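Q: What follows is each chain in one-letter form.
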Amino acid sequence: MGSLARAYGRPLAAAILAIAALWILALILVPLGAMVEQSLWWRESKGDISLQIDRIYNDIATIQLDRASETDPAKQAALDATLEQRQAEATALEAQEKDPPKTYGLANFTRMSGLHLYIFVRTILYALMVTGLAFVVCYPVAYVVALASGPRKAVILMVALIVPYAINELLRVYAWLMILDYRGVINGLLSWFGVVDLDNRGWIPFLENPSAVFLAMIYTYVLFMVFPMVNTLETLDRNQIEAARDLGASTLRIHRRVIIPHAKPGIAVGCIMTFMLSAGSYSVPAIMTRGQGGDWFSQLVYRQFYESNNWNMGSAYAVSLLVVCTTFILIMMRLFGVGLRDIAK
Amino acid sequence: MSTAIESPGARLVLNIYIGLFVLYLFLPLAVMSAAAFNSFDYPSVTQWRGFTLQWFVALAHDQRLLQGLVNSVLVALGVIAVSIPAGLSGALILTRLGQRSGTVLYSVLVSPVLTPGIILGISSLIFWREFGVPGGLFVAVMAQSSFIASYAMLLFLARLQRQDRTLEEAALDLGASHTLVFRRITLPFLAPTCFTAAVVAFLQSFENYNTTVFAIGGEWTLVTEIASRLRFGLSPVINVVGVIFVVLTLVAAVAYVVLKGKPRR
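Line by line, the protein sequences give chains A and B. The first sequence begins at 1 in UniProt numbering and counts up one residue at a time. The second sequence begins at 1 in UniProt numbering and counts up one residue at a time.
Check the hints yourself; a few may be wrong.
Restraint ranges, calculated between C-beta atoms of paired labels, are given here [what the hints assert, rightly or not]:
hint : chain 1 : residue 1 : chain 2 : residue 2 : range
1    : B       : Gly9      : A       : Leu125    : 33 to 39 Å
2    : B       : Gln99     : A       : Gly114    : 31 to 37 Å
3    : A       : Arg238    : B       : Ala253    : 24 to 30 Å
4    : A       : Asn309    : B       : Arg64     : 46 to 52 Å
5    : A       : Glu97     : B       : Thr196    : 53 to 59 Å
Computed footprint of chain B on chain A; a stretch qualifies when at least three of its residues, placed anywhere within it, have a C-beta under 8 Å from a C-beta of chain B [what the hints assert, rightly or not]:
hint : region
6    : 21 to 32
7    : 160 to 166
8    : 171 to 179
9    : 187 to 201
10   : 312 to 318
Calculated from the structure, these hints are not laboratory results. Owing to the predicted nature of the structure, the values given are computational and were not obtained by experimental measurement. Think of the CB as a built atom: it goes at the ideal place given N, C-alpha and C, for glycine as much as any other residue.
Modelling step: build the complete structure from the supplied sequences, incorporating the hints.
A: Written out as structure tokens, the structure reads:
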């Protein structure tokens, strides 16, 4: 910190530190902490308490009836005491009903229903599959773009990749929605050839199939896989490939022993970005399925917040997702032997 | 100059593959754009009912979308105002820190880039509710800034690595005040990056959906408005928005290539 003050003077250094501290605290760490805290407590649902209160009042009514028909003063006194006690219980519960107390624990995580757990696991598997597919699709592209001969060709290719990348994610999903919809482009083409009958709703329901989400998701996030790989492959010395070839290595072997090892950091970054984006994507599944196909986990999280209004449960879901993503990042960094500084480029 | 590494056959296969890939990228956009000019009231290219510009007119009269556009711009400006100073401060501190102590800070500052967008939205929503601020444009600015500031910081860091620090030291030795040095040497050196970072921040903010949808509450931006419409059915008006985006991006790309290509010759 001393060098900061020496370079920019105390007031300026203090301002810089203050701004950075605000960023870290107010935008990153404390909100994250607030979310974790929210996931760790819950309030008893109002419905249960109301039910208990109703039951106590029923009891009170019965006791009052007994009390009215009772003649023995000793028993009367006993019944009065019970009445008072029950009344006190009811009052206490009523106070709780108005402002239920917080209870801390892990119940929000363990209470996840079987269906939701299934969706959670499925979302992670889907995200892994999207990542794998995106890698397979992108590897040749990155290879060609990075080793393209001539600067002009490289520029043209980069622009061809950047233009769709720069267009709004939502509009890219929308384009696919248009193509795969009931009366979309593909069904329209099929009806031209008389394969399907649109007038009698004889269309093929592409959107109700999970692969529709896959297709759009790969389309949306594919470039996050391409660019990191291009970046690392660009630094590969082509002489290495030629040397390997001259020494008699097969194409497959060159890729396995020369190119892929060199591209490792790029592959790791591409996989991390693609996995993170697809596991946490709300836009693609929400728009593509319109509730017809299976849900993705992000949609459950959204509903906990904006439909069930259960922020505690929603936070627990979000924390679970965050844990999975962080674990994935750590595993990838380990496997590929890359540091955080290689990732953020 | 280009010594082909592959055999001609492999070359051909690769080129066909790239061609298909580019087609995969552009065909959906082309279809979307074409449907904006079809007078059929469901976005389609297979049922062509004649060329029209009526959907452009409809967009011009669509109050919610226009208001969404205004909101998007407001949020993006807010994000620039927050994330440029934050990113710059972070970068300045990191360049002065040692490798050891820098790594922890660095990890914290880039972590938002690696966090799923919905989580940034959720945590901001929860945090600001503690202060009685409900979801809305302000929370959206805060949620987006948390990760856009990281992008800005990375841009500043890259620039600062190429800085000649002796210049600042010389000015200080010659008796310039710290503020003068910062204003006359450091800031001018960083000015181009400030501009780039602002453009990146604007674009990132403008097109953000996953974070915004959680933080926006009852308000809306252009993108969240489009998304909520898509739930109820498709309309060519959305295609018009798409066409405008595609055209703007293409113009920007061509301008970039032309500008970038010139000094090279």
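Q: So, against the hints stated earlier in the document, which numbers end up violated here?
A: 2, 4
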